[in-house]
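In case you want the letters, here they are:
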Amino acid sequence: MRLLTLTIRNFRGFGAIAESIRLDGNLILFFGPNGFGKTSIAEAIEWLFYGTTKRRQRGDTYSRSEYAGTFANVHGGQPVEVEALVQFNGTTVRLCRRMTTDESSETLIEGVLAPFTALLNPLEAVYPVIAQHGLQTFIHAKPKDRRDAICAALGLDELTSLKSALDSARTSFQRTPPRVVTQARRELMENAAVLAQIDATAPLAARWRRTPPQVNVAADTAALLQASAVLAGTSCSTVDEALEALRAQRLIASRAVFDSSKLSPPDDAAAIRTALGSKSQVVLQSLATVERLIAAAIAAIVSAYPTVLLEFWSKGLELADDSAECPMCDATTLSERRKNELRSRLAAATRSMASHKAMVDAIDRAKVQLAEVKEAIDHLGISQLQSGDREHLSRMYVEQPDSLNTLLSRYDRFDEARHAILAEIASTTDFLSHCTTRLSDPANASTVNSEAASAKDRPAEPLSASLDAYDAYVEGWAAFEPSLSSRIASDKVVAKIDAVGKTLRKLSHMRVLYRYDHVLTEAQELIRSVEAEIQLQQGALLTTRGTEVKDLYDRLNRGANVGFDTMEPGTDSMKLHASSFGIRMSAAANLSECQLNCVGLAMWLMRATTPSSPFGFVLLDDPVQSMDDDHTEAFISDVVPHLMDHHGKATPLRLLQAWCTRLSK
Amino acid sequence: MMNRTHLDALVATTEQSLRKHLLETFRDSERDPNSTSADSATRLKNVMEEAIQEEPVDAASDPHHS
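Which chain is which? The protein sequence lines are A and B, in order. The first sequence begins at 1 in our numbering and counts up one residue at a time. The second sequence begins at 1 in our numbering and counts up one residue at a time.
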């Protein structure tokens, strides 16, 4: 690329009147007093290609607010833009960068929005602008920053960026572990104290309680299986076997403390309770039906004729057919009115039999339903508490008897209600079982009728009372159970079984922590290998590019016995060595400011003249301002001609463009 | 000019799956013009977090679990 012209509008020291600056020459010099815009030209070129400047980047690290808004000219003209006419492989192209909001900017190629990367890649490794204020930024930098700067100059910045990104990611990953890791740590730690009391798992617990916890899935699982075998008294070769054995042993151990199944509602208590409520409603409806059908059957019995007489009338009507002659006495007594009367009696008898059958069916149905209600009540359980159990519980809750007494009073209330409803069911079932037999004697009809009416209503209240008492007990148990479980679990044997069992059920947590350590280790190994690669490549590149720096430095310091010697790469560092009459010493700490400026200038010149740079120029913004006369003379008489000779002709850098006040003299 | 062959060579010669995944993720992020340095670090951390869910080769078989 060859710079042909530059046009600056409203940028830094330049205002709205934009005149094109011709740059098409092998050596361009700008000279003038301070404050006349030489540096603004340099910064305009930096901004054009990089969207920022070194001065601004450095300033932002000091005070972002102080440096904000300083790209635009203070008089506020618009647009703020820098435009350059450049030549690429014989083709002339117009490049432009224009400021948008918040000091962002957009780039245009031939007036069309487009990234410059379509034509060239303006990377740090080939930064073409060397400013006098930045000569020592590389010297007086932290070793790592110095190393990164050298790497960028050598084209290794992708590797250094990789190492920085890996470092940052791994540090964040370690300092702020994912939630799954913190959860696994927390839950495993809950049992570590008890595991520490078991011989087989004590070493495991010690490792887990370190910071960070150290988990070895295979070894820790084996230790837990061994502990399971000891606690359960049986061999456990798999986790499932161990959990099964621990479950059985836990039941035995916890019952030795207290068998809570004597108080606990069954697992399906809620379903049974719901079904019982429904069945209760159904049976009460059935008893009402029974009472109604018994009344109907009794009414039919009262007006009934003997069966033999009904059969006689039925046969007589069949034999007489249309005749009025009685088959019994041959008299013409079977008038049509008489026949209708007999037919009415036969129809009433048929209805009575149907009513009786309906009553019997309803009684059978009600008996079945009562049996189902009884069965459901039996299934509610919680009826096995013996006096010895009460004494045991009292001893366990001697310090907090209130919660136990509350539960036991609810237990007793339910037990009483349960007995009452079971007695009522037995009584009602007995009544229903004998009802039909008793009705065969019409003399019992009235008594049976009144008993049926009573039986219809009697179960309702005890049923309701037992359900209410049960609900109250279940509620009380829910409140009481945690404290009972806690007392059982606090038993040493139970606690050990629980700790081993719970931990075995959390093998996935152990695997998570193992994998977390594994990832951290792998990331660390990768960081080390990247660092090794950086140092390897640095060493190789410095054997060639480093000599360029040394050569440029020597041109500025002909015949000196004290001066810069060499660069030595290290882990995250780059040491700069100087030499004093053949004795090695630190360059940054021992060389003069002027010598250090020479090192910085040589370093940045090496970077700017990288053979593969897409830029066809090097821009020097007053590099000799802080040098003494001897160094200035050396720069003018030796370095510039050297660059012109070697890079101006033999390399793609055909043009050296320099802004240098003293050089003009 | 940045020499991309160094990173490409490192990716090509790395065999361990997690390390290779990290290198490839960084390379894709670094060469994405819309990605920042912070984005690259975040993406690497995401790869590390995802790796926790995967079974490492040397712990894949657990003889103690039936």
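Please note: incorrect hints may appear among the correct ones.
[As the list claims (entries may be wrong)] Once the Cα atoms are required to be at most 35 Å apart in a straight line, the calculated DSBU-like pairs of lysine-lysine come out as:
1) A/Lys-339 to A/Lys-315
2) A/Lys-374 to B/Lys-20
3) B/Lys-20 to A/Lys-144
4) A/Lys-502 to A/Lys-54
5) A/Lys-142 to B/Lys-20
[Unchecked claim] Some, not all, of what chain A presents toward chain B, calculated at C-beta under 7 Å:
6) Phe-173
7) Tyr-516
8) Glu-522
9) Leu-536
10) Gln-537
11) Ala-540
12) Leu-541
13) Leu-542
14) Gly-546
These are computed hints drawn from the structure, not numbers from a lab. Here the structure is a predicted model, which means the values were calculated and not measured. Beta carbons are placed, not taken as given, at the ideal position from N, Cα and C, and that holds for glycine.
Which numbered hints turn out to be false for this structure? When the structure is compared with the hints, numbers 2, 4, 9, 11, 12, 13, 14 turn out to be violated.
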